[in-house]
Structure formats: C-alpha cells, structure tokens
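*Asks:* Note that the protein sequences, when read in sequence, are chains A and B.
Taking the working numbering, the leading residue of the first sequence gets 1, the next gets one more, and so forth.
Taking the working numbering, the leading residue of the second sequence gets 1, the next gets one more, and so forth.
Keep in mind the hints are simulated off the structure, nothing from the lab.
Errors might be hidden in some of the hints.
For lysine to any residue, the following SDA-like pairs were computed, each having C-alpha atoms within a straight-line distance of at most 20 Å [what the hints assert, rightly or not]:
{"hint": "1", "chain 1": "A", "residue 1": "K169", "chain 2": "B", "residue 2": "Q279"}
{"hint": "2", "chain 1": "A", "residue 1": "K169", "chain 2": "B", "residue 2": "V276"}
{"hint": "3", "chain 1": "B", "residue 1": "K299", "chain 2": "A", "residue 2": "V246"}
{"hint": "4", "chain 1": "A", "residue 1": "K324", "chain 2": "B", "residue 2": "V114"}
All values reported here derive from a predicted model rather than from experimental measurement.
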Amino acid sequence: MTKKKGLLDFLSENKFIHILLSVVLGFLVGAIFLVAMGLPVGAAYGKLIDSVTSVSGFSNVIVYGVPYIVAGLSVAFSFKTGVFNIGAEGQFVMGSIAAAVVGILCGGLPKWILIPLCFLAAMAAGAIWGCIVALLKTQRGINEVLSMIMFNWIAFYLSNFIAGLPGIKNTGSTEATQNISDNAMLQLSKEFTKAHGLANTSNWGILVAIFVMLLVWFIIEKTTLGYELKAVGSNKYAAEYGGINVNRSIFVSLAISGALAGLAGALLLMGRGKRVSIFSAQEGYGFAGIVVALIGCSNPFGVFVAGLFYGALMFGGSKLTLVKSAAGKSIPSQLTSVIIGTVVFFISISVIFRYIKYLKIRRHKPDAASAAKG
Amino acid sequence: MTDFLNTLGIMLYATLIYTAPLLYAALGSCFSEVSGVVNIGIEGMMTAGAFAGTVVAYFTGNPWVGFLCGGLAGAFFGMLHAIATVRLGADQTIAGTAINMLGPGIVIMIGMVVFGSTDSAPLNAAQKIPKLFTGVFDTATAFGRFMDNVFATYASTYLVFLVALLVWFIFYKTRFGLRLRACGEHPQACETLGINVIRMRFLCVCISGFLSGLGGACVTMAISTQFRPISIVGQGFIAIAAVIFGKFRPQGALIGCLLFGFCSGLKVVLGGSSGVNMQLLSMIPYVVTVIVLVLFVGKSHVPSANGKPYIKSK
Numbered sequence: 001m002t003k004k005k006g007l008l009d010f011l012s013e014n015k016f017i018h019i020l021l022s023v024v025l026g027f028l029v030g031a032i033f034l035v036a037m038g039l040p041v042g043a044a045y046g047k048l049i050d051s052v053t054s055v056s057g058f059s060n061v062i063v064y065g066v067p068y069i070v071a072g073l074s075v076a077f078s079f080k081t082g083v084f085n086i087g088a089e090g091q092f093v094m095g096s097i098a099a100a101v102v103g104i105l106c107g108g109l110p111k112w113i114l115i116p117l118c119f120l121a122a123m124a125a126g127a128i129w130g131c132i133v134a135l136l137k138t139q140r141g142i143n144e145v146l147s148m149i150m151f152n153w154i155a156f157y158l159s160n161f162i163a164g165l166p167g168i169k170n171t172g173s174t175e176a177t178q179n180i181s182d183n184a185m186l187q188l189s190k191e192f193t194k195a196h197g198l199a200n201t202s203n204w205g206i207l208v209a210i211f212v213m214l215l216v217w218f219i220i221e222k223t224t225l226g227y228e229l230k231a232v233g234s235n236k237y238a239a240e241y242g243g244i245n246v247n248r249s250i251f252v253s254l255a256i257s258g259a260l261a262g263l264a265g266a267l268l269l270m271g272r273g274k275r276v277s278i279f280s281a282q283e284g285y286g287f288a289g290i291v292v293a294l295i296g297c298s299n300p301f302g303v304f305v306a307g308l309f310y311g312a313l314m315f316g317g318s319k320l321t322l323v324k325s326a327a328g329k330s331i332p333s334q335l336t337s338v339i340i341g342t343v344v345f346f347i348s349i350s351v352i353f354r355y356i357k358y359l360k361i362r363r364h365k366p367d368a369a370s371a372a373k374g
Numbered sequence: 001m002t003d004f005l006n007t008l009g010i011m012l013y014a015t016l017i018y019t020a021p022l023l024y025a026a027l028g029s030c031f032s033e034v035s036g037v038v039n040i041g042i043e044g045m046m047t048a049g050a051f052a053g054t055v056v057a058y059f060t061g062n063p064w065v066g067f068l069c070g071g072l073a074g075a076f077f078g079m080l081h082a083i084a085t086v087r088l089g090a091d092q093t094i095a096g097t098a099i100n101m102l103g104p105g106i107v108i109m110i111g112m113v114v115f116g117s118t119d120s121a122p123l124n125a126a127q128k129i130p131k132l133f134t135g136v137f138d139t140a141t142a143f144g145r146f147m148d149n150v151f152a153t154y155a156s157t158y159l160v161f162l163v164a165l166l167v168w169f170i171f172y173k174t175r176f177g178l179r180l181r182a183c184g185e186h187p188q189a190c191e192t193l194g195i196n197v198i199r200m201r202f203l204c205v206c207i208s209g210f211l212s213g214l215g216g217a218c219v220t221m222a223i224s225t226q227f228r229p230i231s232i233v234g235q236g237f238i239a240i241a242a243v244i245f246g247k248f249r250p251q252g253a254l255i256g257c258l259l260f261g262f263c264s265g266l267k268v269v270l271g272g273s274s275g276v277n278m279q280l281l282s283m284i285p286y287v288v289t290v291i292v293l294v295l296f297v298g299k300s301h302v303p304s305a306n307g308k309p310y311i312k313s314k
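So here's chain B without its partners, still in its complex pose:
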C-alpha cells in the first residue's frame, strides 16, 4: 500500500510537471487559433521565453521577474508573427516556420555572446521558481508523503491551472471572448458589427506569444535549472496538437495536456520499475494520443476563418 501510494505520488507529480509548460503554450495557442491565426511558431516563442526567463532570473536573482520577462520575450516574437500575418497578410504557416527558426537562432546567438556557450549558466535555488507547500505535509505518515510528493511542486505549475480557468472565463463569459471567437469564425460579420478584427487578432497573437514564453520559462526555471538548446524540443508542437485534440477549446486543451502529461508520468514510473525498453516507453504519450483520438475524439471543428488572412474591405 505504501509503495503504491509512493508510486502514485511520483506519477501524479510527474504528470503535473510535464503538463504545466504544455498547458501554458496550449492556452496561448488557443488565443491565436480561435481568433483565426494559425500559430505554428509556438515552439520558437517557447524557446525565446525559456532563454529570456533564465537569463533575467540569473542576472536579477528574482525568479518572478525572470518568469515575466520570459513571457515578454515570447510576446515579442508573437508580435513579429502578428505584424507579418495580421497587419501584412502574410502566409501564416510560413511566418510561423520563420519564427521557429528565428527564436532559437537569436537566443542561442545571444547566449553564445553572454555565456560563451550554447548553455546558460545554471540557476541556484533562489533564482528558480519556488516550490509551494514544502514542509506543509507531514512526511512521517504514508499519506503525508503522498501529498508531499504530489503537491510540493513549483508555483508555476499551480499558476497554470489558474490561468486555464481565467482563459476559459475570458473565452466564454466575457464580451471580449465572444468577439474573439467570432473573429475566428466570421471576421467580415464582426467588422460589420464594429469589431476591429485586425486589432483583436493582433492582440490575441501577442497573448499567445506571452503564454508560450511563460511555458518555455517554466521548463528552464522550474523543471530544469538552465537553458540548453535542447530544453525546448517539440513541446511547442505538442501544445498545438493538444489544442487540436481539445477541439480548439481551452478546457479541451487542458484535457489534452493532462492526458499527455499523465502518459509522460506513466513513462517515468514504468521506466524506473519495469525492464521495458526506455525508447518504447517514450512512445506511450504519442501512441495513446493517437488511440484516444481514433476511439473517442475524431473530427475536430477548426475555426472557419482559421489560417485565412483577413483583409479589411472598404
């Protein structure tokens, strides 16, 4: 029983740890996609956020300033994407691909100059995002240890669930959210009702960059301790996948990210105990996602105007 609780605790902990960065980015992706702009550049924005967060935290010593700057760095690349796609009517896939090259390229170049290496200097405990609830639970009892295993994790992990709730509220309970969703479905109709589609989309793409940046910063400032070129490998694409999986709804994206995080947790636990090949175990999250898609989810509704540049007509 104790062993089981321990294992379960580790697994849930791993689930939370893996889910957090994906969920930040996925919520970001929701903003952009639902407003009608395909943002395949999430990966590049995450990398920029991961780097900026670590560097600022390293030099200021304040993890929260770093975390915020990670978001802002992501937002900067989000703005680049917005300028190209929303203002200038660029092809959204091409611009996003460019962001995926520019983001890592620029930050690693800066890293080479600042640190003389592609890796950043490691953060110490005070510069990392703090853990919450350490010492709150009594680790002498089995249940206390379980709770400690699960909940003594980084503050950024809890924050993301609040953000998810906030995003859901914005999307479905505010006027802004209604307008945002309308922009992705029928921009011309929005314009006739006096909504500034261009401004809405611009803002949404910037927000998507900001949240992606936070997601990236969460990887390097909480899960690991330094920025490395392979810190962000594919999480951005997984986040996009989670959004499509969740049928372009924040609550759906949450489920997608949790499923993915849970499978990653499963991988960690199985990898420790069973003799199964690690490479095969690593496939679990991806295989399970496909299976769940085939069995339960099926076709997803893409916002009608998604991917189409909006040109204001006179």
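Pulled out of the complex, with its shape left as it was, chain A reads as follows:
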C-alpha cells in the first residue's frame, strides 16, 4: 500500500517535533496561569531568560543541571531495560550520604584518591539500594514499584540518621552534616571562576555527566549486555525464549541504574551541596530524574539536553520571586513546576499521533477482508 506522507505521519515519526511542541505548550499554559492571576507574563519570562543566558547564569544552569542529567540517565537506563526505577530517589539519597561520609571521614586523603573514592562509595550505595529491590522481585516476586517506594523512605530516614551521628554531624546548630573535605570537592579554582565571570559553584561535574551519557549510550547500543537488557525490556517472554536470563537482567539493570542515581547524589554533594542536610521532606532529585528521562525520551543525548533544560528552569525559577507585579506580588517559583508538568503532560499525549495512525490502519483492514471475500 503506497500512501502519501501526511502531516500525521510526520508528527508521529518525529519525536523531536513532539517535544518541541510540548515545550511551547508548557510555556503557553504557564503564561495563561500568569495572566489569570494578574501577574506580568513578559517580566516573568524575561527574568527566566535573562537569568539563564548570561555567562554566570549559564554556568549556574550547568551546575544545577548535572545532578538532574545523571539522575535522568539512571532512570532512562532503567526504562530502556523494562524496569521503572521509581526508586532513583532513594538511590540518589544513599549515594549522597555515602559520598558525604567518605568525604568527611577520609578528608585527609589527596584529591586524586578521595574523589574517586567518594564516587565509588556513592555508586556502591546506590547499586546496593537497587539490588535489594531487584532481589525482592526476582526471589520473592515482590512488585518492584511497591518496594522502591518503601526503600525511598528508608533511605531518606537512614540518611537523616547517619547525618545526625556524632563525628558526622555539624558541630554548630545547623541540622546537617559537616562540610566534606575540600579535597573531595570538584569545584574549579576561585581565580579561574572569577576571571571568566562564572558562577562560584562551577565544577567538573559536567565532564562526569558527559562521560556517563556516552557510557550509557555505549552500553545500551554497542554491547551484548545492552542488547540483552533491551530485549528483556521490549519483550520479557521472547527474551527468555531466546535464552536470556531475565532475572539476571533485571538485577543488572537495577544495579547499574542504582549506581548512576547514587553517582548523581555524589555529584550534587561534591559540586554544589558540600554537605547533606537533615531534611523534613524528600528533595525529589530522583523523581526529577524520571521527568528528565521522560522529556529526553530515554535517549542518552536527549536526557542530557532535558537535564540542562530542567536545571535552567530550576535555577531561573529560583530567581522568579525577585520579579514583582504592579500590585507588588512576586512571581511564585512554582511557575516552573506548572511549565514542566504541562510539558510532560503533552509529551504523554503526543503518543496520540501514533495511535490515530494505528487506528487508520486498523480501519482499513476490515475493508480489505470483505473485499477479499467478495
């Protein structure tokens, strides 16, 4: 059947157009909300753009974006392999606190040993958190979404507990750990950031993010392991029939995904955070990772861009409250949640084009069948 390529085909085949359209709609809906609340749209979006396009602003976007990129890569990796890693939040938290403990207790070590050690500790902690869930699933058949939600909270309280231990906790009144040793920090030198007008939290984290992006792409696209994981992700039964050990695959997938989420936690700490606070509510980096993976279509390169986009909105959003309307009301930073939420919402619906096309094909079938009969 030869058919002319219509608009529908174009839209259904071009993911990039979908996402772009969703982003535009996200900002549009954000604008509608601003107007409905009597807040200045131009000033708000102006501030958002201004704060991320200057040199120091963009370096801040990168600094903010790195943990989101790596958390997004973690979730994207799990998506590719057929597991929904809603537990990235807990793995992130475990990575962060593990790196903090190493960064505080082994603070005397030289930079070139301490930094890899922190990374390893964080990745191990995240991987363990992922593996526990995988074991529960493969050995006892326990739904992974359920146990991940539980382990997110166990990680949260465990991190708070560890952060409050003597020897780890800050000696002052702040409810947080001590600052990790400067030798564990990834930051660029003060002279360099000043000379180039960069944000003073600028760090090497982005190079790690780029490396992880390439690594994830390589594992998924170029290795046997990646092929097996993907096969399980697309059809578990077919993969099993083809001789792939499905349980092992789920285990490996969650171990890698967990290690990446843990690494993201370490990058936040060693790039920007410097210490882990005792929180009263989950920070949501892991959940943000899910959003980033979705916006990036689980493609490593897409996730990289989506992570920067997310970082830009988070950093820009934090500056929004500085804008005041004529009535003296400030712009709520939640505007960015509305924008991102709308973007994700439309990304989910954009599948519609594919379904409409599918329906059209289905509709043709009965005709063909009756024609054959006649």
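Dock chain B against chain A, hints included.
*Replies:* Frame of chain A, contents of chain B only:
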C-alpha cells in the same frame, strides 16, 4: 494498667489518624488500577484536594463544603489524567508523573496569589472537620479515657471506613463492579458484551481523583490546620503501595493502610517514651511493610490489562 490503657489509646488513635488519608487515596487508586489505568498521579491529586479543601473551608466557613470541594479538585485532576490516558491513549505513567508536578505547582501558585505565601491561612475550630464523640465517654474512669482517646477523632476518619465498605460492596456485589473489574482484565471481551470500556475507565479515573482529593483534604482539614507545601509528602505513593500490597482489592488496601497506620502509631508512642532515635523509628512503617511482604504476601496479581491503553477496534 492505666498507663498501658492510655498508651494503647494514644496508639490506636494515631493509627486511625494516619490510616484515614491513606485509605481514601488507596480506595481511589483501587478504582483506577482495577479498571486498568495506572494512576501514579494520586500524590498530585491529594495535594490539589488538600489545598482546595482548606481554601474553601476557610472562605465559606463550612468544613463539609470544603471537604467536598477537596474531592472535586482531586476529581478535576483525575479528569485530566482520564482525558490523556483513556481518551487519548497516552502513556499512563508519564501522564501520572505530569499530574504529580501540575497538581502541587498549580495550587501553590494559586496559594501565593491568594495568601501571599506558600502556606494557607490556618483554619479555626469551626472550619475544621468536626470531631465525633467528644464528651460521650466518661473520662473520669480509665476505660472511659481510653475510649475517649481512641474514638474522639475526626468525622472524616469514620467516614473513610464507611467508604471502604461501600467500595467493597460496589466492587463485588454490583453489576457496575463486575464490569469495572472485567475492564481491567480483558477490555476487548467487555466491549464485545456491550460494555463501554472507555466510559467505564474514564469514570473510574475521575472517582479515583475524587477519593484522593478527599484524602488530601482530610490531611489539612483534620490532622493539621493549614495547607503547606509539605502537607502531602509521599502519602499518595504510600497509598499506591498499599493497593499493590492488598493485591488490588479494596479490602486488601484497607489492611495495607491499617498496617501502615498502626506502625506509624507505634512510632509515635515509642518516640515519646523510649530514647530510640526518631529517624530510626520513622523507618518502622516502611521496614515492616517490606518484611510483611516478604514473609506473608509475596507476589500480587496485577489486573491483566493494567497500564495498557485501550484502543477501540472497529
């Protein structure tokens, strides 16, 4: 003995208090999941309900109008989810994630404009959901005090158990319930029998939003007195967990929520008396859930068509 009764009373009270919002949301989640639509947006719907309930109660002075509006706000986001997933065949997990961002984002933005702060104004006693059975029990006796401790709680807490009974009845004793369950197992078969799967699922997702909204409103209008951005932190996900724990049955979800509520009550009581670290105690509900799962529950049957968009074929 008196001390023991007092402690037990406080613990049961805490159990009821913690169970109620979870159970509203979990029953909601049952509707959606059993009809075949994954609803991970419960958290966002609860937040919307929590905010709307508080604001309406604050401005009208009537807690029940507020409570209802909380449900309706949840239902609105439920409808958004339904439009995307049921009508337009969207990926259910992605749409739910979007709802979790949109719900809190929108209501906190509105809150900033209405109250000039992310927190709502606090409700006074008349605007809160009333307590039942206050003064019914004679607090002079130890047993009376025990009963007063346990039962002098908010009306919304009792209502949820009635709702649970109602949901169980609908699921297993009505034609609607049979159809609902069938939609989640084999939508194509339903369609051939003349059941409108799309309409069933749409309705169920809206109901799930409504009940989640009530759950959220129950947090801010009964347990606490105001809406804050951290009013709803994770309860929606716990509710989903309770449903999976309960093998996608309302009565199972009830047990899951009660277990969770009881462990939270245990945490409160132990936190007051023993010197154990509060952070470690806070882990109890989550750890116990995992242990119970490993030892007693094991694998749960997910409705066969759960998560798969249903496309009506011609």
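*Asks:* The structure should be examined with respect to each hint, and the outcome stated for every one.
*Replies:* Comparing the hints with the structure gives:
1. K169(A) / Q279(B): It holds: about 14 Å lies between the C-alpha atoms, which stays within 20 Å.
2. K169(A) / V276(B): This hinted pair holds, its Cα atoms lying about 18 Å apart.
3. K299(B) / V246(A): holds (17 Å)
4. K324(A) / V114(B): holds (15 Å)
In terms of the numbered hints stated before, the structure departs from none.
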